Structure formats: C-alpha cells, structure tokens
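Novice: Keeping the supplied structure of chain A fixed, place chain B upon it in accordance with the hints.
So the protein sequences, as listed, match chains A and B.
Going by my numbering, the first sequence opens with residue 1, and the numbers climb by one from there.
Going by my numbering, the second sequence opens with residue 1, and the numbers climb by one from there.
These are computed hints drawn from the structure, not numbers from a lab.
Incorrect hints may have been included.
Unchecked claim - Taking lysine to any residue pairs in the SDA-like style, the calculated list, with each CA pair at most 20 Å apart, reads:
(1) B:LYS54 x B:GLY16
(2) B:LYS37 x A:THR113
(3) B:LYS54 x A:ASN102
Said to hold, decoys possible - Far from chain B by the CB rule (all over 10 Å, computed), these chain A residues:
(4) MET15
(5) HIS29
(6) LEU39
(7) SER48
(8) GLU56
(9) GLN64
Everything numeric in this text was worked out from a predicted model, so none of it was measured.
Every residue gets a Cβ at the ideal spot worked out from N, C-alpha and C, and that includes glycine.
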Amino acid sequence: EPEVTQTPSHQVTQMGQEVILRCVPISNHLYFYWYRQILGQKVEFLVSFYNNEISEKSEIFDDQFSVERPDGSNFTLKIRSTKLEDSAMYFCASSEAAGGYNEQFFGPGTRLTVL
Amino acid sequence: DQQVKQNSPSLSVQEGRISILNCDYTNSMFDYFLWYKKYPAEGPTFLISISSIKDKNEDGRFTVFLNKSAKHLSLHIVPSQPGDSAVYFCAASHNAGNMLTFGGGTRLMVKP
Chain A
1 EPEVTQTPSH QVTQMGQEVI LRCVPISNHL YFYWYRQILG QKVEFLVSFY NNEISEKSEI
61 FDDQFSVERP DGSNFTLKIR STKLEDSAMY FCASSEAAGG YNEQFFGPGT RLTVL
Chain B
1 DQQVKQNSPS LSVQEGRISI LNCDYTNSMF DYFLWYKKYP AEGPTFLISI SSIKDKNEDG
61 RFTVFLNKSA KHLSLHIVPS QPGDSAVYFC AASHNAGNML TFGGGTRLMV KP
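Pulled out of the complex, with its shape left as it was, chain A reads as follows (with noise of 0.2 Å):
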C-alpha cells in the first residue's frame, strides 16, 4: 500500500541553526501538506503546496519558513533560524486532489527537537 515517507525521524538541532525535513508523498497526489503538533497540544496546519505554489498557509507559517518540492518525488519543509518553541512533530501528508474532503494520508512524522 502506497504511503508517505519522512526523513529523518528524529532531528536535533541547535536554536538559530537551519533544518530540513524531508518528506516523499504518494506517488500520483498532487496536494502536499506540513502540520506540526507540539507536545501535548493539538495537530496544527502549517502549509498545503499545488502546482509548485502555497495555496493556503497559516499563521504559525511565517517568514522563517519555507516548502519546495526539489523534484519529482520530495517535498520539503526549512525552517530558516529554529527556536526553541519550534521542537514538535512535524507531519507531513498528501491527498489526490484539493478539499478538505479528500482523504490527506500522513507521514509517520519528524520530531524537531530545538536545543
């Protein structure tokens, strides 16, 4: 069964450094998706990604970061300078075509952990 794919599954970072988390959707989807949880809270949306373009992101989504899909199969989230208070899950997902009714498949997540 096809289904997405995160690397790495652990990331420690230092505050103020540069991180990359790297994900592999499915294979035929074309709407990619970063959400992130912190410990103990809720799942949050960050970002949706279609045709090369943000189509939607939210608040949390602010200039420190940022997503591209480098090529065919990977999709990519950086954040730019990390703090402290970005240490969470991050969760990738994609789905077949745009809505929230479409099923979105999750990865099985990266843990940030900021130093």
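Specialist: Chain B alone, transformed into the frame defined by chain A:
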C-alpha cells in the same frame, strides 16, 4: 483557537462494548468532518468522514453522527476491540480550503 474541541482527553471501555467519542465545533463554515486514529510513533490515519449534508455515516464497526444544529459530532465504535486503543482526533474542513482543523484528541483504551 478552539474551533474544534474534544472535551474528553481519555476514555476507557471494556472489550465488546460501545465506545463513543465526542467532538464539538464552533465554526459554521465547516462542511466536512473527519476522524483520524493515531498510534504512537505513527502519523494520523484516516478512519471515517461525514459531509455536512448528512447526519450519519457508517463503515463497518465505525459510525459517525453529525448534529449540525448542536455543532456536535460523535464517533461510535461497536464492538470495541483492544486494537482500537489509540488517540482519536476529530478534524474539520470547509470546501473552500485544504486545511484540516483538529481537535485535541481523545485517548481510547479498550480493556480485554
């Protein structure tokens, strides 16, 4: 931001009995609701969904009920099995956008 709320952080049920997980929302623009299940060290997995034009959707042991006037939905699992033990998230969306707004989750424990 409390647009989607799950007021019960945990629920314990005996195997074979019914599990009822509840979810409330405040945003009238939501027109699609989903339940996701999450095991430790895994991402959320889609379970079942319902459109706002319906009041019930059933899939095997899982049924979701929607009460639009009360802005309330519930997930029923009958009969509950130990393998159902997980965190269940309610999520909502509106057709105009792709983002899912999640509730805080309810940890279900099904005891053998």
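Novice: All hints, please: hold or fail.
Specialist: Evaluation of the provided hints:
1. B:LYS54 x B:GLY16: violated, 28 Å
2. B:LYS37 x A:THR113: violated, 24 Å
3. B:LYS54 x A:ASN102: holds, 17 Å
4. MET15: Check passes; 26 Å lies beyond 10 Å.
5. HIS29: Given that every Cβ of chain B is farther than 10 Å from that of HIS29 (chain A), nearest at about 12 Å, it holds.
6. LEU39: Given that every Cβ of chain B is farther than 10 Å from that of LEU39 (chain A), nearest at about 12 Å, it holds.
7. SER48: violated, 4 Å
8. GLU56: Nearest chain B Cβ is 5 Å from GLU56 (chain A), so the label is violated.
9. GLN64: holds, 19 Å
Violated hints, in rising order: 1, 2, 7 and 8; the structure is consistent with all others.
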